[in-house]
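Novice: Can you make the complete structure from the sequences, with help from the hints?
2 protein chains.
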Amino acid sequence: MLSKNQRKQILQLSQKKQRLANGLFVAEGEKVVRELMNSSWVYESLYSTDPSFHTNAEMIRMEEMKQLTHFKTPSPVLGVFKMPPRKEILNESISIVLDGISDPGNLGTLIRLCDWFGLSELICSQTTVDCFNPKAIQASMGSIVRVHCQYVSDLAQTLKDLNKPIYGATARGNSLYDATLPKKASFVFGSESHGISDKLTALLDEELAIPYFKLGENRAESLNVATAGAIFLSEIFRPS
Amino acid sequence: MLSKNQRKQILQLSQKKQRLANGLFVAEGEKVVRELMNSSWVYESLYSTDPSFHTNAEMIRMEEMKQLTHFKTPSPVLGVFKMPPRKEILNESISIVLDGISDPGNLGTLIRLCDWFGLSELICSQTTVDCFNPKAIQASMGSIVRVHCQYVSDLAQTLKDLNKPIYGATARGNSLYDATLPKKASFVFGSESHGISDKLTALLDEELAIPYFKLGENRAESLNVATAGAIFLSEIFRPS
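These protein sequence lines are chains A and B, in that order.
Count along the first sequence starting at 1, add 4, and that's the number in my numbering.
Count along the second sequence starting at 1, add 4, and that's the number in my numbering.
Please keep in mind that the hints were generated in silico from the structure rather than gathered at the bench.
Ideal placement from N, C-alpha and C gives every residue a C-beta, glycine not left out.
There may be inaccurate statements among the hints.
Pairs of lysine-lysine, DSS-like flavour, derived with a Cα cap of 27 Å [to be verified]:
| id | chain 1 | residue 1 | chain 2 | residue 2 |
| --- | --- | --- | --- | --- |
| 1 | B | Lys70 | A | Lys76 |
| 2 | B | Lys139 | A | Lys70 |
| 3 | B | Lys8 | A | Lys70 |
| 4 | A | Lys218 | B | Lys187 |
| 5 | A | Lys70 | B | Lys12 |
| 6 | B | Lys8 | A | Lys218 |
| 7 | A | Lys35 | B | Lys76 |
| 8 | A | Lys8 | B | Lys76 |
| 9 | B | Lys70 | B | Lys139 |
| 10 | B | Lys70 | A | Lys20 |
| 11 | B | Lys8 | A | Lys12 |
| 12 | B | Lys76 | B | Lys35 |
| 13 | A | Lys35 | B | Lys218 |
| 14 | B | Lys20 | A | Lys139 |
| 15 | B | Lys8 | A | Lys76 |
| 16 | B | Lys70 | A | Lys70 |
| 17 | A | Lys12 | A | Lys86 |
| 18 | B | Lys139 | B | Lys12 |
| 19 | B | Lys70 | B | Lys8 |
| 20 | A | Lys21 | B | Lys70 |
| 21 | B | Lys21 | A | Lys76 |
| 22 | B | Lys139 | A | Lys218 |
| 23 | B | Lys139 | B | Lys76 |
Now the stretches of chain B that chain A is said to cover, found in silico as 3 or more residues with beta-carbon under 8 Å [unchecked claim]:
| id | region |
| --- | --- |
| 24 | 22 to 29 |
| 25 | 59 to 67 |
| 26 | 120 to 130 |
| 27 | 155 to 167 |
Which residues of chain A face chain B? A few of them, derived with a C-beta cut under 8 Å, are [unchecked claim]:
| id | residue |
| --- | --- |
| 28 | Pro55 |
| 29 | Phe57 |
| 30 | Lys76 |
| 31 | Arg116 |
| 32 | Phe121 |
| 33 | Arg150 |
| 34 | Asn222 |
| 35 | Ala224 |
| 36 | Asn228 |
| 37 | Ala230 |
| 38 | Thr231 |
| 39 | Arg242 |
Specialist: Structure (structure tokens):
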């Protein structure tokens, strides 16, 4: 039986401010919660509607889970985890840099993609949605434990400090497929609605685009940033 | 002011059975609804919290929109549209074929990707989520009007009838990057949890995979089907 206080504590973790103040975040879904439990990350509490999930999980009814979930359809498992410690910037050969990504599902998908392509770091502006947002955690499918999201206060300065050629994914850029990409580079992706900010655009060595494959006006205006990221990462890492 | 009857009619369109029985579906979000209105598709009713949206839209309060929406966060615009007429199979040079995709967001994203890469048709098993699901409509960002989803009763037979080499996206396949892809081919993507069904696997000429870029066990187990689809489409259409 869930107390009013427990419910309040969990629900308030939907807000970034409360996550930071408490050093806690929420993960939902059995696969994601298990991935987090199997990492070095520490859970504070587990809730499940399924008695077989884990001996440390508090059993609750599905009606109670519905009051806790951040999703329209609740999953049988919810965990409250401690935020992991911050890390120094690694500056891997390839850096993926996000400037103002607002959709947590897109962020989570990009985290999973970085993990797939072997990256351990994703560099984010402060205007990018928080990676501990429940929907970002969910979409990352556990890759969040392997890909550290670095939220930097001055993204322009960080890009300069990374000291690599800087490419921007834009609608008007040169074809990604024609570019000869160096082994070390930063790739900047801008917000879904506003693109890359002017301050960062000024720093770009080259703008690259996924070209249209259909002539005329009657086609998709854009790709979402997660699928664009997938295509960029594939081009960056594919054997040429 | 929304009547109880209107609310009931709209809410029941969340069910595929009701959409088919009424020949209607719901689209939410200003951009998507506008794209649908600008196509040959016909709306039956429009609802908006914003008086400037359209003269034919019924003004409702945000409180009422919250009762209609299929999303956790409602948008200011909702439209009820008539389902478009069914079409004959086009059999374009490249066919994307979905076998049991269950997530409507993934389906919508794949529709948008097909549109981007110039395809007008997406072939789906009956076990694939309905393309008129509100979340699929939303994720397609209007591309649904240009990409016809063909739900076929016997996908194995359809694949044979398409009369092209058949590739399957699987985890154990040969590297997508090493394959020489023909100009005409079908590409099958399986369900997020179970992959391609055995019946279809037996028909594949070759299984292709996006290779791992990280050694060892400690990495993302899989990509989601929409990002895998993005990478496949990019490889299929990129100039070699």
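Novice: So which of the earlier hints does this model not fit?
Specialist: Hint check: 6, 11, 24, 25, 27, 28 and 29 fail, others pass.
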